[in-house]
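Enquirer: Given chain A, put chain L in place with the hints provided.
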Amino acid sequence: MRFFLESRKFLIVSAAAYILLKILFANNIISIYIQQITLFAFIVTIASLGLNVIYGYTGQFSLGHAAFYGIGAYTSAYLTKIFGIEGVFSFLPVLFISGVAAGFIGCLIGIPILRLRDDFLAIATLGFGTLVRVILDNSDRFTEVLGGSRGFVGITKIANLELTFFSALFIVLITKNLIYSRYGLFLRSIRDDELASTSIGINTSRMKLMAFSYGCMLAGIGGGLYAHLYTFLHPSNFDILKSIDFLIIVIIGGMGSIRGTIYASIIWVGFIEGLRIVLPVELLDLRWVVIPILLIALMMWKPYGLMAKK
Amino acid sequence: MKLLEVINLEKSFGGVKAVDNMSFHIREGETLGIIGPNGAGKTTVFNLITGFYRPDKGVIKFSGKHITGVPPYKLSHLGISRTFQNMRLFSNLTVFENILSAVLTGKSYGLISALFRTNNYFSSEGKAEQRARGLIDFFGLSGKEDYPAESLPYGEQRKLELARALSTGPRLLLIDEPGAGMNPREVLDFVDTIKVIKDKHSLSIIIIEHQMKLVMGISDRIAVMDFGEKIMEGVPSEVKKDKKVIEAYLGEALE
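For the protein sequence lines, the chains are A and L, in the order given.
So that you can map any letter, position 290 of the first sequence is 290 in my numbering, and since no number is skipped, the others follow by simple counting.
So that you can map any letter, position 90 of the second sequence is 90 in my numbering, and since no number is skipped, the others follow by simple counting.
Each statement offered as a hint is correct.
Okay, derived cross-link-like pairs now, BS3-like style, lysine-lysine, Cα gap no bigger than 27 Å in a straight line:
id	chain 1	residue 1	chain 2	residue 2
1	L	Lys127	A	Lys176
2	L	Lys195	L	Lys241
3	L	Lys107	A	Lys176
4	A	Lys176	L	Lys144
5	L	Lys57	L	Lys2
6	L	Lys127	L	Lys200
7	L	Lys240	L	Lys213
8	L	Lys2	L	Lys240
9	L	Lys195	L	Lys213
What the hints contain is simulated information worked out from the structure, not anything from laboratory work.
The shape of chain A in the complex, shown without the other chains:
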């Protein structure tokens, strides 16, 4: 199996990480809260990788990534609810479907809007994100279960260490394979020069749509796991601010770097949630003073992200 042989280094490191986490989790050496944010970091990794394919590799600036994350979350939560799914294995098809649903909607919306570029595309995706937020806010009008602006409550907790970790691992491997294939090469060509890409025979609109749908699918899978980790969904978790989170992760990790995205996701989640533990309650709001300052500093020090060679 050359599939595994090729990424053996990464797999060995992952195996070690898994064993370490398993030990830490099993004996409750780390608190439930920290366990939860560890899993959340993997979920954020999955969704951010999706945005990295869309923006980092292909150069399509999207401000609506959280909408697809939300679509995945609500789809999977709705499905587990109506089918009464509780086990990890019976959840896998649901997770897959929620990814496909987000990818499919990404494809539908992508067909008209991916003709736009740069800031025009940003506005269009921002509009789509707002639209999804409004629909989620009023979702109880379609069916009561979704909860509308009161939030979707009572979702079964399914996302455990194994499910989250191995989903993330699988997605990292698949995404790596995508990027280091001719398709990844085409995406990077398109980012550099779309006109030249079409002149050498790349169907650029199809490739852009593929990258966008793939990225949205990863957001959907991330959302599906998120719903079954926190067991509660609220439309406000899927608005523009969440999209900005993903964008920040892609940029600080380095546009077009898979490893950077993984590190940045873990650092970002660890930092925001970690400060919640470290800082005394009365200083908690200072996070939003400290973090932007750090971001400014980071951008001046490494404008192309943590993993950039420049």
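Expert: Just chain L now, kept in the frame of chain A:
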């Protein structure tokens, strides 16, 4: 046999007729030069042939098939390749990746094969890489495979763009002003390179060029454009002496 045939081609931008009732053809294995003053519509003709613009009127046929309105990426698959006047390399990709991406646009493995790394992926990649290396060697870029394209000196970037255009395995190559910024020595080298690749890849070539030495040295026939129209066509020696051509370039002689 006519490889490319252009009949009564017309294209306007706003009120400006960039190309007006232009007809010409190129036979297999031939090199056609297109010359003309700045703004004569030469590059527009290229953009029409390669599908970047859609003509207002007229027909373009490639080996007998209508290709008017066919999108550029499909034309590349049919065997038409081009370079750009103001070079368009993938500047952040390496030299090797620039070539490889173009080689891999041909028939190759599918998405599932890529995601799960089937044998088809490895064999197709292997073949493509070999072909890419061959082209890099030929153009004297070996040793620089892993440099970002933007880091190459100007002359080598020109070579790289030509190599990339060849990577798709074209039958017809359109070269847009290769001589811009080249010194006389480089021009001579370039003429030699073109002659070699033309035989090696059995190409037909259309070339837009300002430097007379270059274009006269390569072309079997030359078409002269002025204000969007073809004002003359003939072998280089005729074109050089033609009164209309001299007027277009130097202005009308005073009575």
